[in-house]
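Peer 1: Take the sequences, apply the hints, and build the full model.
Protein chains: 2
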Amino acid sequence: MLFRDAPELTADVLVCPLRPVERFRDLRPDEVADLFQATQRVGMVVEKHFQGTSLTFSIQDGPEAGQTVKHVHVHVLPRKAGDFHRNDSVYDELQKHDKEEEDSPTLWRSEEEMASEAAALRVYFQ
Amino acid sequence: MLFRDAPELTADVLVCPLRPVERFRDLRPDEVADLFQATQRVGMVVEKHFQGTSLTFSIQDGPEAGQTVKHVHVHVLPRKAGDFHRNDSVYDELQKHDKEEEDSPTLWRSEEEMASEAAALRVYFQ
Numbered sequence: 000m001l002f003r004d005a006p007e008l009t010a011d012v013l014v015c016p017l018r019p020v021e022r023f024r025d026l027r028p029d030e031v032a033d034l035f036q037a038t039q040r041v042g043m044v045v046e047k048h049f050q051g052t053s054l055t056f057s058i059q060d061g062p063e064a065g066q067t068v069k070h071v072h073v074h075v076l077p078r079k080a081g082d083f084h085r086n087d088s089v090y091d092e093l094q095k096h097d098k099e100e101e102d103s104p105t106l107w108r109s110e111e112e113m114a115s116e117a118a119a120l121r122v123y124f125q
Numbered sequence: 000m001l002f003r004d005a006p007e008l009t010a011d012v013l014v015c016p017l018r019p020v021e022r023f024r025d026l027r028p029d030e031v032a033d034l035f036q037a038t039q040r041v042g043m044v045v046e047k048h049f050q051g052t053s054l055t056f057s058i059q060d061g062p063e064a065g066q067t068v069k070h071v072h073v074h075v076l077p078r079k080a081g082d083f084h085r086n087d088s089v090y091d092e093l094q095k096h097d098k099e100e101e102d103s104p105t106l107w108r109s110e111e112e113m114a115s116e117a118a119a120l121r122v123y124f125q
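Sequences listed follow chains A and B, in order. For the first sequence, numbering that gives the first Met the number 0 gives the first residue as 0, with consecutive numbering after it. For the second sequence, numbering that gives the first Met the number 0 gives the first residue as 0, with consecutive numbering after it.
FYI, nobody ran anything at the bench for these hints, they're computed from the structure. One should not assume that every hint holds.
Note that identical chains are pooled: a pair holds if it fits in a single copy or bridges any two copies.
[As the list claims (entries may be wrong)] In silico DMTMM-like pairs for lysine to aspartate or glutamate, Cα to Cα no more than 20 angstroms straight-line: (1) LYS69 to GLU116; (2) LYS69 to GLU21; (3) LYS69 to ASP25; (4) LYS69 to GLU30; (5) LYS47 to GLU30.
Peer 2: What follows is the structure, encoded as structure tokens:
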């Protein structure tokens, strides 16, 4: 589980398989099961911790879907009423941020901030 | 597997578990595994059949994430270069369409058209 540096979102948690493969199709059936059983658990924690009432799950599977990191991963975003003016602007923000991330590492959240958030969420899994 | 009536997209295939539950968290672990192992297979077929080069997978899990049908489902969309001016406008289109679908059933694709598409895809699974 990773914590992405998306300051304009309340949270964007990534879940990825241990074995680095680029595309979703490259995962073995047992890895698919593991990935989404973990994603389900992460979703429950993320929704609770960030006081969301819904969740957006998304895989950008390949460059034409917006994938920028060549290790398949699931985005898990807590959602609540009014979080974006148009509900699915959440994806525009993700996409914009993917680009910013490449171009402007100075916009990243600090390692300390992310570590602190990781520690706060870790307790739910213990 | 269902075929949605999204005329502005090349395709939007939905994969849903047999047991109707509203939220992703309501699925048992074996159902999560089944759902995404099926989704992986559907993704490979959808990408091939629609000559995509990437895929977008998405769950709108709860009303604040844009869910309008209370039966958890995964959207599988074939993607290719230039399919949307801004890459993630695909989600705006989905969202807009969800609303149109409720308000204007006259905009739906015909049953015949969807049945024909279903038949064309079914051969990949035989």
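Peer 1: Indicate, hint by hint, whether the structure satisfies it.
Peer 2: Comparing the hints with the structure gives:
1. LYS69 to GLU116: neither (24 angstroms within a copy, 32 angstroms between copies)
2. LYS69 to GLU21: Intra 5 angstroms, inter 32 angstroms, cutoff 20 angstroms: intra-copy only.
3. LYS69 to ASP25: Only inside one copy: LYS69 and ASP25 sit 12 angstroms apart there, 31 angstroms across copies, limit 20 angstroms.
4. LYS69 to GLU30: within (17 angstroms within a copy, 28 angstroms between copies)
5. LYS47 to GLU30: So LYS47 and GLU30 fail the 20 angstroms test inside a copy (26 angstroms) and across (22 angstroms) alike.
Hints 1 and 5, counting from the list given before, are not met by this structure.
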